[in-house]
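By the count of our numbering, the sequence shown reaches residue 611 at its end, each step adding exactly one.
Calculated from the structure, these hints are not laboratory results.
Don't take every hint at face value.
To be verified - Keeping only pairs whose Cα atoms sit at most 30 Å apart, straight-line, the calculated BS3-like set for lysine-lysine is:
hint, residue 1, residue 2
1, K511, K572
2, K31, K192
3, K181, K548
4, K347, K211
5, K347, K453
6, K594, K580
7, K303, K447
8, K308, K163
9, K572, K474
10, K457, K447
11, K438, K453
12, K511, K474
13, K45, K438
Computed from a prediction, not measured in an experiment: that's the story for all the values here.
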Amino acid sequence: MRQGITQEQRESQGNITDELELMSDLEKVEYMLVEFDDEEEKVRLTLNSGHLLETLQDQGERINPNHPTLWRPEYASYMIEGTPGQPYGGTMSEFNTVEGNMAKRRREASSLLDHNQTLCTITSFPRLGCPGFTKPEYRPSPVESRVAKSLFFPDEAINKHPRFSNITRNIRHRRGEKVVINVPIFKDKCTPSPFVEEFPEDDGEAAKAALPDHIYMDAMGFGMGNCCLQVTFQACSINEARYLYDQLATFCPIVMALSAASPFYRGFVSDIDCRWGVISASVDDRTPEERGLMPLKHNKYRIFKSRYDSIDSYLSTCGEKYNDIDLTIDEEIYAQLLDAGIDKLLAQHIAHLFIRDPISVFKERLNLDDENDSDHFENLQSTNWQTMRFKPPPPNSDIGWRVEFRPMEVQLTDFENAAYVVFVVLLTRVILSYKLDFLIPLSKVDENMKVAQKRNAVLEGMFYFRKDIFKGCNPVLDGSGSAQNGLEGECANEEYTLMSIDNIINGKEGVFQGLIPILNCYLENMEVDVDTRCTILNYLKLIKKRASGELMTTAKWMREFVANHPQYKEDSVITDKINYDLMVKCNQIAKGDEMCPELIGNPVNKFK
């Protein structure tokens with residue numbers, strides 16, 4: 004096993020510097036609007052994102068096309084999405100601007116809020132779906148004529164744009180019932196055993212769907228009403244995009260566990276730390292036939308995952324031999340693509356997307372010129388929410404091939420969010436520079452995804468990971484779409500082993516060299532100004548210490564806050580008072596008014 008970077012790899016790093024300069028990246032942060040009632044000691048989600056969005060756009064991009072921030076709607080009427088006005092460039096100094104742009108967004112939106120309101124970057128609001136969780140308050144209406152028909156999540160909490168209500172209703176109608184979300188409850192000393200809830204307004208559907216010892220939820224809002232942090236990478240070519248897509252797919256469970264930030268659901272302490280399974284179930288529109296609960300009669304396919312899940316196939320020739328998951332495809336689409344000269348790996352990926360029905364179609368967009376408009380494709384592509392997204396260039400655009408990294412949970416502070424973005428972006432640079440190979444069988448990545456969501460997975464979970472990342476195949480396609488050189492002779496079960504996240508990130512002698520040491524080696528061979536280098540090292544220090552357990556994940560920090568709260572009765576219940584105190588603390592930390600060394604260490608706040 005090689006324990007370091009060879010001279011050949013150092014030289015190859017220098018050879019691709021010009022290519023990296025051509026790349027650009029874009030991150031997006033989702034926010035919640037929160038209002039504090041200090042007299043009642045309650046905190047609620049403010050259903051005012053539509054007005055806030057209009058004002059931000061009127062004062063920003065609509066009067067200045069080069070405005071440094073962009074704002075977009077999100078699923079819930081208490082959510083908003085912010086991105087930089089332009090993608091970050093490919094130079095190393097760009098890493099020093101990420102946190103500053105995030106801070107600018109937070110200030111820009113916060114300046115438009117009332118004194119008792121704030122913009123929060125929390126993944127999951129602890130009392131989402133509890134009585135009175137919104138301002139203004141609305142009662143849920145669990146009747147068929149309503150959009151969600153939820154016992155807990157009122158339709159008024161859904162963004163007023165028709166896309167969001169249409170998707171919510173259509174998922175429920177296509178499925179033939181409400182979505183079913185069951186999250187295991189954390190069994191504390193005084194938690195009822197079995198934990199079983201009664202739902203007074205239930206028509207029988209909830210009683211049938213809710214599992215004992217689980218927190219039951221019944222609406223798309225419980226998943227899409229959470230917030231996340233995502234990064235999109237611009238690649239230099241389609242082959243590079245496919246290579247990055249595959250390599251980064253293996254990191255999705257690792258980074259998700261590292262960024263774990265959502266331990267609470269519907270006012271209860273859960274036994275998971277990440278939102279992924281919740282959001283997957285919240286948009287699962289598969290019929291009973293497609294889920295394998297009854298024989299296929301009215302439906303065409305047995306579909307093994309929700310439309311929000313991990314990827315189902317690698318796209319590069321390097322990954323072909325590791326595609327060990329049954330892939331359901333639309334054979335007609337697949338044949339059409341092959342006839343058009345598309346290689347089989349990309350053709351099966353697209354044909355797999357087309358096994359899903361569109362879930363939101365506007366009649367004004369039905370008759371389009373598909374030679375010049377990709378809306379029909381994007382309608383399916385954008386509602387296949389997977390850990391990675393492969394993004395072809397739009398027609399008649401100078402935008403190139405892109406890949407989107409989607410599994411990260413959003414963090415409390417701009418410093419943390421910038422750290423995770425910079426870590427993943429640096430990872431792409433190192434993968435391309437040293438031509439690294441992290442591929443393992445895709446079924447093992449799926450197993451890693453299950454482990455990553457468990458409580459304290461960052462310290463207790465073991466993840467399948469490749470042992471020798473320097474011995475791989477060259478990501479090049481020949482005319483047939485088959486690998487020009489591969490590893491078919493190597494025994495697959497000798498290529499990977501179970502590792503802790505600490506070993507993966509920080510390394511362990513004789514096991515794995517560690518990503519942070521590899522990133523540091525890369526930085527040593529790049530021209531980086533002192534200020535940028537210090538910024539990057541601060542970010543990597545956060546990742547390093549989260550992986551080792553020296554610093555807590557947001558999920559663990561939140562759990563300890565609740566466990567130590569004087570009103571907590573060790574019964575897994577998060578009261579209004581506990582939630583209020585937690586959110587006040589989160590807000591103080593996010594604003595930099597209070598330090599939290601057990602969560603983020605002691606970074607220098609340059610952007611307060």
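Worksheet item: Checking against the hints above, which ones are violated?
Response: The structure breaks hints 1, 2, 3, 4, 9, 13; every other hint is satisfied.
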